[in-house]
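Protein chains in written order, with the numbering used here: chain Y, 12 to 312; chain U, 191 to 466.
These are calculated hints, taken from the structure and not from any lab test.
Please note: incorrect hints may appear among the correct ones.
Each computed DSS-like pair below joins lysine-lysine, with the alpha-carbon atoms no more than 27 Å apart [claimed, not checked]:
1) Y/K76 - Y/K270
2) Y/K270 - Y/K64
3) Y/K120 - U/K209
4) U/K426 - U/K248
5) Y/K270 - U/K426
6) Y/K76 - Y/K64
7) Y/K25 - U/K296
8) Y/K120 - Y/K211
9) U/K209 - Y/K211
Just so you know, these numbers come straight off a predicted model, no measurement behind them.
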Amino acid sequence: MLNRISTYFYLRPKVVLALMLLPPMLWFLVVYIGSLITMLINSFFYLDGFTGKVIHEFTLRTYIKLFDPINLQIFGRTTLMAASVTLACIIIAFPLSYFMARFASQRMKTFLYLAVTLPLWSSYVVRVYSWKLILAQEGIISWFARLIHLDWLLHLYLNLPGLGGPSLSISATGIFIVFVYIWLPYMIIPIQTALERVPKSLIEASGDLGATPAQTFRTVLLPLAFPGVVAGSIFTFSLTLGDFIVPQLFGNSSFYIGKAVLTYQGTSGNIPLAAAFTMGPIIIMIVYLLIARRLGAFDAL
Amino acid sequence: MPSKNSSRLSGERAAWPLKFGAAGAILFLHVPLWLIFLYAFTTEESAYTFPPPGLTLKWIPQALANPAMQSALYLSIRVAFLATITALILGTLAAAAVYRYDFFGKESVSFMLILPLALPGIVTGIAMRSAISLIHIPFSFWTIVIGHATFCVVVVYNNVLARFRRSSNSMIEASMDLGANSFQTFWHIVLPNIGTALLAGAILAFSLSFDEVIVTTFTAGNQQTLPIWIFSQMLKPRNRPITNVTAMLVVLITALPILLAQRIVAGSSDSEGGSK
Numbered sequence: 012m013l014n015r016i017s018t019y020f021y022l023r024p025k026v027v028l029a030l031m032l033l034p035p036m037l038w039f040l041v042v043y044i045g046s047l048i049t050m051l052i053n054s055f056f057y058l059d060g061f062t063g064k065v066i067h068e069f070t071l072r073t074y075i076k077l078f079d080p081i082n083l084q085i086f087g088r089t090t091l092m093a094a095s096v097t098l099a100c101i102i103i104a105f106p107l108s109y110f111m112a113r114f115a116s117q118r119m120k121t122f123l124y125l126a127v128t129l130p131l132w133s134s135y136v137v138r139v140y141s142w143k144l145i146l147a148q149e150g151i152i153s154w155f156a157r158l159i160h161l162d163w164l165l166h167l168y169l170n171l172p173g174l175g176g177p178s179l180s181i182s183a184t185g186i187f188i189v190f191v192y193i194w195l196p197y198m199i200i201p202i203q204t205a206l207e208r209v210p211k212s213l214i215e216a217s218g219d220l221g222a223t224p225a226q227t228f229r230t231v232l233l234p235l236a237f238p239g240v241v242a243g244s245i246f247t248f249s250l251t252l253g254d255f256i257v258p259q260l261f262g263n264s265s266f267y268i269g270k271a272v273l274t275y276q277g278t279s280g281n282i283p284l285a286a287a288f289t290m291g292p293i294i295i296m297i298v299y300l301l302i303a304r305r306l307g308a309f310d311a312l
Numbered sequence: 191m192p193s194k195n196s197s198r199l200s201g202e203r204a205a206w207p208l209k210f211g212a213a214g215a216i217l218f219l220h221v222p223l224w225l226i227f228l229y230a231f232t233t234e235e236s237a238y239t240f241p242p243p244g245l246t247l248k249w250i251p252q253a254l255a256n257p258a259m260q261s262a263l264y265l266s267i268r269v270a271f272l273a274t275i276t277a278l279i280l281g282t283l284a285a286a287a288v289y290r291y292d293f294f295g296k297e298s299v300s301f302m303l304i305l306p307l308a309l310p311g312i313v314t315g316i317a318m319r320s321a322i323s324l325i326h327i328p329f330s331f332w333t334i335v336i337g338h339a340t341f342c343v344v345v346v347y348n349n350v351l352a353r354f355r356r357s358s359n360s361m362i363e364a365s366m367d368l369g370a371n372s373f374q375t376f377w378h379i380v381l382p383n384i385g386t387a388l389l390a391g392a393i394l395a396f397s398l399s400f401d402e403v404i405v406t407t408f409t410a411g412n413q414q415t416l417p418i419w420i421f422s423q424m425l426k427p428r429n430r431p432i433t434n435v436t437a438m439l440v441v442l443i444t445a446l447p448i449l450l451a452q453r454i455v456a457g458s459s460d461s462e463g464g465s466k
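Taking the hints into account, I'd like the entire structure generated from these sequences.
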C-alpha cells in the first residue's frame, strides 16, 4: 500500500511540489500578505470624531491628517533618531568588525562571533530593561559620574533642551543610547563580513605606495566595507523607525512613529490613522533602499 | 571615523587603539546583561541604586511563586511551543520545495518568508491588528500563535535549506535504488540528515517567539505573555524585585538554548538562523 502511494507520488512530481508548497504559501498569502492588504484598506477609512466609530468608506482624509505639523514633526524626529543611531552604530561597530576580520585568530573569531550574536538572541525586553537599571537617577552612570567627580557635567548635560531630561532614563539621549545598544550587533556582523573579503595585499599595496593609514582607511578600506555598512544600516534604520518600546520607556511626552501608532490604535481606537501612519516607515524604507541601490550598495553584496 | 584602524596593517598584531575599541564594543554589549544578574539579588525594593546596598536570595522564591508572573510564563511557553511546531512544518515544507524543484517565483519565496522579520515589527503588528479589526476576529491565544508562527517560519526555513544544500542527493538515490519507498527514504535518510538543522531551527524559533513583544502587543488583546508582563512592569513598576528576578530568568531561558543551538550548528558548520 505504502509502496503504491510512494510510486504514485514519485511519478507526479508536480503534485508533490504542490503539496509541499501549498501550506506555507497559503499561510503567508492569507495571514501575512492578507494582513498587509487589510492594513492598506484600513488606511483609506476614517474615524468619525463624534461617534468614535471607524467609517468604512473610501477617503483620503486620514492620509491628509499625516501632514499635520505635529505628525510631520513625529516623522522628522524619528528619522533623525534613526539616522543618528545608525551613524553611532557604524562608529562603534567598525573597530570590532575590523579586529574580527583581520587580527583575530580562528578561535578568537568564533568566540567574538558568539559574543556579538548572543545578545542579539537573548531577550529584547530584558536588554531594554537593563538600561532602566543603568540610566536610573540612582543607577550606575550617576554613581560613576560622582566617582570621577564629573556629576556636575552630567547635570549640565541633562539641562540641555532637546537632549536632556529629569534623568538619563527619561531623555532623548537615553532613547538614543538604548537604541544603539539594542541594534549594534546588526551592524557588526555585515561590516565584518564585508571586511573579511578585503584582501590583505590591497591594504599593504596602499601602504607601500605611500598612503598614510588615514588615506588607506578612507580610499581603500571604507569603499570596500561600504556594502556591509549599508546592509547593517538597513537594519538599524528600519528597526529604529518601527520601535515603540524604547521611546515608551525612556521618552518624555514627545512622540515617535511607533509610539504614535500604538497610541492611535490603542487608546483612541483609530486604526485607520495608525495604518496610514505605518505607511510612513514603509515609504521611508523604500526610499532608503532605492538610495542604497543607487549608491551601488547591493552590487557587491 | 577613527583613522587609527588602518595603522600598521601589514603587521600581525593589532594596534592598541583598535583592540581598545573592539574590547569596548564587546563590553558595551555584555555589561548590561551582567547587571541584570546583579540586580536580581539586590536587597532594595523600590530603586535601582548602584552599588546595591546589600545582596539577598529572598526574591527568587517570591518571584517564582508570583501568580501573575507564573501565568505569563505559562502562556509564553504554550505560545512558543505551538508557534515552533507550526514553523517547523511550514518552514521544512518550503525549504524542501525550494531545494528539490524549480518553479515559477522560486526566488521570491525566501523574500516573502523573511519579510515579517525584515520589516519593522510594528508593520507586521499593525497589519495583523487591521485584519483582526476588519473581519472582527476576537483576540485570543490563537491570534498570538498565528502572529508568532508567521515570523518564526524563516529561521527554520533558513536552517533546513542550508542543510539540504550541503547534503548530497546520492544517499537518497541510493536508498531508492535499494528498494526503499519515499516514506522509508524520508524516515531513514532525510530525517536523520536534517535532524540537527530542525533542532537548531526549532530552538531559534522558540526563543524568537518566547521573547517577542512588538507584534504580540497588537495581537494579544488583554492577555499577557512574559515579555509583555515585563514591559508593563517597566511602565508602571509595582514589584521591582520580582521583575528583576524574572528578567534574569528570561535571560537564562533564552540564552542557554541559543548557546546550545550554536553548538549544534557549529558542529555541522551550517549557517545560523539568519537575521533576527
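Determine which of the earlier numbered hints do not hold for this structure and return their numbers in increasing order.
-> Result: no hint breaks.
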